[in-house]
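Here is how the chains run, residue by residue.
2 protein chains.
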Amino acid sequence: MIGDGEAETASLATAWHSNKFLDPITDGAVLPILHLNGYKISNPTVLARIEHEELDHFFRGCGWNPLFVEGDDPETMHELMASTLEKAIEDIREIQKNAREQNDTTRPRWPMIVLRSPKGWTGPQVVDGLQIEGTFRAHQVPLLVDIEHPDHVALLESWMKSYKAEELFDEKGRLMPELAELAPKGNRRMGANPHANGGILLRNLIMPDFRLHAVTVPSPGAVNGQDTLVLGKFLRDIAKLNQKNFRVFGPDETLSNLLGAVFEVTNRQWDAREVANDEFLAPAGRVLDSMLSENQCEGWLEGYLLTGRHGLFNSYEAFIRIIDSMFSQHAKWLKVCLELPWRRKISSLNYLLASHVWQQDHNGFTHQDPGFLDHVINKKADIVRVYLPADANCLLSVFDHCLRSRNYVNVVVAGKHALPQWLTIEEAVVHCTEGIGIWQWASNDQEGEPDVVMGCCGDTPTLEILAAVSILREHLPDLKIRVINVVDLMKLQSASEHPHGLSELDYDALFTKDKHIIFGFHGYSSLVHRLTYRRTNRNLHVRGYKEEGTITTAFDMRVQNDLDRFHLVQDVVDRLPHLGSKGAYLKQEMKDMLIKHKNYIDEHGEDLPEIRNWKWGQHKSQQRTTSTKQPAVNQR
Amino acid sequence: MIGDGEAETASLATAWHSNKFLDPITDGAVLPILHLNGYKISNPTVLARIEHEELDHFFRGCGWNPLFVEGDDPETMHELMASTLEKAIEDIREIQKNAREQNDTTRPRWPMIVLRSPKGWTGPQVVDGLQIEGTFRAHQVPLLVDIEHPDHVALLESWMKSYKAEELFDEKGRLMPELAELAPKGNRRMGANPHANGGILLRNLIMPDFRLHAVTVPSPGAVNGQDTLVLGKFLRDIAKLNQKNFRVFGPDETLSNLLGAVFEVTNRQWDAREVANDEFLAPAGRVLDSMLSENQCEGWLEGYLLTGRHGLFNSYEAFIRIIDSMFSQHAKWLKVCLELPWRRKISSLNYLLASHVWQQDHNGFTHQDPGFLDHVINKKADIVRVYLPADANCLLSVFDHCLRSRNYVNVVVAGKHALPQWLTIEEAVVHCTEGIGIWQWASNDQEGEPDVVMGCCGDTPTLEILAAVSILREHLPDLKIRVINVVDLMKLQSASEHPHGLSELDYDALFTKDKHIIFGFHGYSSLVHRLTYRRTNRNLHVRGYKEEGTITTAFDMRVQNDLDRFHLVQDVVDRLPHLGSKGAYLKQEMKDMLIKHKNYIDEHGEDLPEIRNWKWGQHKSQQRTTSTKQPAVNQR
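Residue numbers (my numbering), protein chains in the order written: chain A, 1 to 636; chain B, 1001 to 1636.
One thing to keep in mind: the hints can contain errors.
No more than 16 Å apart at the CA atoms, straight line, and that leaves these computed lysine to aspartate or glutamate pairs for EDC-like [to be verified]:
hint : chain 1 : residue 1 : chain 2 : residue 2
1    : A       : 335       : B       : 1606
2    : B       : 1480      : B       : 1514
3    : B       : 1335      : A       : 548
4    : A       : 380       : B       : 1547
5    : B       : 1546      : A       : 382
6    : A       : 380       : B       : 1548
7    : B       : 1596      : B       : 1606
8    : A       : 546       : B       : 1497
9    : A       : 335       : B       : 1547
10   : B       : 1380      : A       : 548
11   : A       : 598       : A       : 610
12   : B       : 1380      : B       : 1497
13   : A       : 546       : B       : 1548
14   : B       : 1335      : A       : 382
15   : B       : 1598      : B       : 1574
16   : A       : 587       : A       : 562
17   : B       : 1380      : A       : 497
18   : B       : 1515      : B       : 1445
19   : B       : 1546      : A       : 497
20   : B       : 1480      : B       : 1434
Hint data in this document are derived by calculation from the structure and do not stem from the laboratory. Only a predicted model underlies this, so the values are computations on that prediction, with no experimental measurement involved.
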């Protein structure tokens, strides 16, 4: 039931069009009841004040067959409502029967009910000379009974007595047995309905082995890969094994986020008209991505999870902000559920944020907002998890974990463009399980202690940090560098604040207590600052997105935000004055490169060849470390 | 023009119902054109795949008179579109003529046009054997011409030649004079239209004197006041003086946010049906608060500002998150405008977030989200401003400033419940102009240096910090305490990061370099951490909202989040071990009080009398300071 007095965002919403995404053969049905009682807190509602014919047109235009229950006499209305409900349910059964017996998936015009009754119906009529029933004044508190309104006591009494408690309860206050008899039994009771406590119905996903889709990585950075493209194949296998238990949601982005492999085993659910050249549409598809509305996807997925099933929402990173408020409510709901012992755990709400801020081949400044992470971590630490896998194998490992988890909100940020792959699948599993770790093959401080720590989190920062490290190691071979990659963002927070947080000892062991840390971060740099506020080492210098960018080359996006290798090298030099002239000359070279870069992209419209073709391990110093610390060929 | 291929959130949106909020006499008109070209990036659109009759019903149900232009033959369609546009404009003129001559405000059925044409119309037909024109494949890049697709060059050539450049330009590449002649002249050119560069048309608001509405504050905390109720009267005066230049927007919250005074001089704009008992509805009202949709209010206000006029959006604090994404786009738009010298400044986007997280008389956990501030400050520092005035006089001063400002987004958080008033209007103006300052009348470290600094930001934290100070000064009269109140949140950030930020010298002078700071903050505590990350003094301990709360008493909300006086006193004791036994005994007393509080609210459903009736200055130590540092009676 939708109360028009609660939010016009509901009564006027896109959700009415969900009937184009419902298969009369395989799906159940919904009977929407619009309770048109006409008022919000102090205003009329819009749908209550248009003409009857317009209201009828509106719902027919949304694809429904509206049935009207209108009036203000309780007795008449009870009967009318009962008979209309009866008719609606018969209509639904008839539609389903026809569809299932005739295999007819023509989009049905499902019934819906408009219940128009007075607001505050049967409540106080007139209080202090003002009409209450049937007006906005019946919202919230129709009658204030307190020390300043003694005359309202009589009004309250007569209102309460109008319910005729003496007909409902016996002299001992017990509900009359013949009335108790009317209530449904067992699981049909509203509070015991397992569909409203979906964890009871939850069946674990049958999980295929994500390792089957691993990218073969002969040595770090030796091959390029498209992370979400790899993930798509894993999702395809999951969709295949869990046809009635798993769905993919997204606002028309399943293909553009490179998850199209799922269409090898299922389709997009679509029950409106089809024409030639449509792709992957079917009434019984398991992918819901044919309505370009983030609100719609979020609402559908939340509802699906609440019934005990599993799914994920893939979205452009910037536009997930559209559902900030909906995410908040779900996170709050999960938090409260943890306090209710009878509420069984449900599958986690999984977000895959692809097409992220650093990938702007077509889109520009409007498509750049990595701040969903900031929003998410304001919620309770026992609910929220944030992962930024650096390559495809890490993404596989992370997503396998997320889909098995319960009662969390998991946010995973991943790219779709071809970028270097760093870890073998075995390494990725270990790294992602730890959530954070030193990349020994990129570091050269094994024999002593680092001069500088280079941290990275997210695919693009990881690439640039490693490129900066390769420049530093080539030019300053004596400089001892430790490279730390972060997959599980919450590792940065203190253990006392988040269950995933590193202990102070572990954090200090990784990042040192006092060495300078140059940290490349996927999102807004202040997020790392707030997570590490309590940490001992204050020499933390974070580069991240700073609201600069337009439609430009991939590398120039990083340059505009000081997250590129040439800025990062300068950051290191700035923090290590003992480098002296060597540092000054290197800094000059970096500045020269930035000018060369700008001039080149102005002229050619693409990045410098040495940027496009850069690979880890081109320089001897890195090859040496790689070969001693790491088997050169992956044994899989 | 609304392209159905861009976002179903637009083509199916609540905005169609804006026609109930348009006065045919005093307002202009809009002619919406739905360009139904049928496809998104890889899917059909919903409205393109319903039946013609449903589409017609949908728009009639939304209150429009739809005119259809459908086909795929360019010549025919050009003529049909031209004649339909002509008819629509005639219809609009007829409606306006009738309304204005007959003074007839009956809601008109305005015309709208559905333009159904093939996507990628007249572009490439078939590429690599796949149909392009009229399918989703025409989205973005219909034809990829690169080194791997040499055969596409001929396709591109024939496509480009189909525009017959030789008929449009002469042999020197100049547009044919007879064609140039067709373009509009001067300000009627699209790029020169002043309505699209609203700053040109902007007229300053006529600003009344906010001091006329000042609350008389004989001494700090002596009287209570309802901050937004006071602001409402100032807004009323502004609305009166600027009838065609100022509007108030909100989702049915103008009254509940206590801004109802504006209805003394104007009404809610409403052109749907009216009935008895409606309040303040009129076709020509200047308040738009009769549609309960935050998205709608934000969209309306942004559009209004862009035409060079002024306004504000009042909203419940938690639900402003619904428009996170819309705010982002406006902030990004303002940032880019600053880089365009021809774009004139427009009035700031002003948010008044009332009914905030600490005021939960009816609503509960779902209504608690102070995180809009976190979101806002991720945008460019030269765009965003955040104010948390501690009382009504501060709110008046802040809002006067905001309404005079240009090209900012101003976020103001203010309460509506009766809370102590601290500053006279003269003091408030000075304090708000500085944005941050020591409240000398509450401090007792004037003769030396503080033992502890107590910071506060927001009405509720200010109250609790002052209550904690009064307890500390009563029990530990030798303890030297400095009280600092923050109105302008960005003062906390470094001057190098935000134009309002305090210099390091000023910050250190206020907060000291090493004394413990106990800081009560309105929002999530980590926001203060990230703003102060670079500051010298690391002994900062922030209490704020930590996602705890339900429908409970006002004071219990603070207790649940450790922001109450009894927790704050304990925080001070914890940080000052030299207090010894005195501290231990005081801490015990505070713990006892918390238990007493819990028991009392369980039994009585309201806060302890000593909480409800608490006033600053009840204890001698405070009276002494007050009388020496401050005139006891305000001279106004």
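Tested hints:
1. A:335 to B:1606: 26 Å, violated
2. B:1480 to B:1514: The hint holds at about 15 Å.
3. B:1335 to A:548: The given pair, whose Cα atoms are some 10 Å apart, holds under the 16 Å limit.
4. A:380 to B:1547: Holds, at about 7 Å.
5. B:1546 to A:382: 13 Å, holds
6. A:380 to B:1548: Given pair residue 380 of chain A, residue 1548 of chain B holds - Cα atoms ~9 Å apart, limit 16 Å.
7. B:1596 to B:1606: Since the Cα atoms of residue 1596 of chain B and residue 1606 of chain B sit roughly 13 Å apart, the hinted pair holds (cutoff 16 Å).
8. A:546 to B:1497: Answer holds: residue 546 of chain A to residue 1497 of chain B is near 11 Å, not above 16 Å.
9. A:335 to B:1547: Cα-Cα ~9 Å, so holds.
10. B:1380 to A:548: 9 Å, holds
11. A:598 to A:610: 14 Å, holds
12. B:1380 to B:1497: 10 Å, holds
13. A:546 to B:1548: 32 Å, violated
14. B:1335 to A:382: 37 Å, violated
15. B:1598 to B:1574: Distance ~23 Å between residue 1598 of chain B and residue 1574 of chain B Cα, so the pair is violated.
16. A:587 to A:562: Since the Cα atoms of residue 587 of chain A and residue 562 of chain A sit roughly 14 Å apart, the hinted pair holds (cutoff 16 Å).
17. B:1380 to A:497: Between residue 1380 of chain B and residue 497 of chain A the Cα gap is close to 29 Å, so the pair fails against 16 Å, i.e. violated.
18. B:1515 to B:1445: 13 Å, holds
19. B:1546 to A:497: Distance ~11 Å between residue 1546 of chain B and residue 497 of chain A Cα, so the pair holds.
20. B:1480 to B:1434: 24 Å, violated
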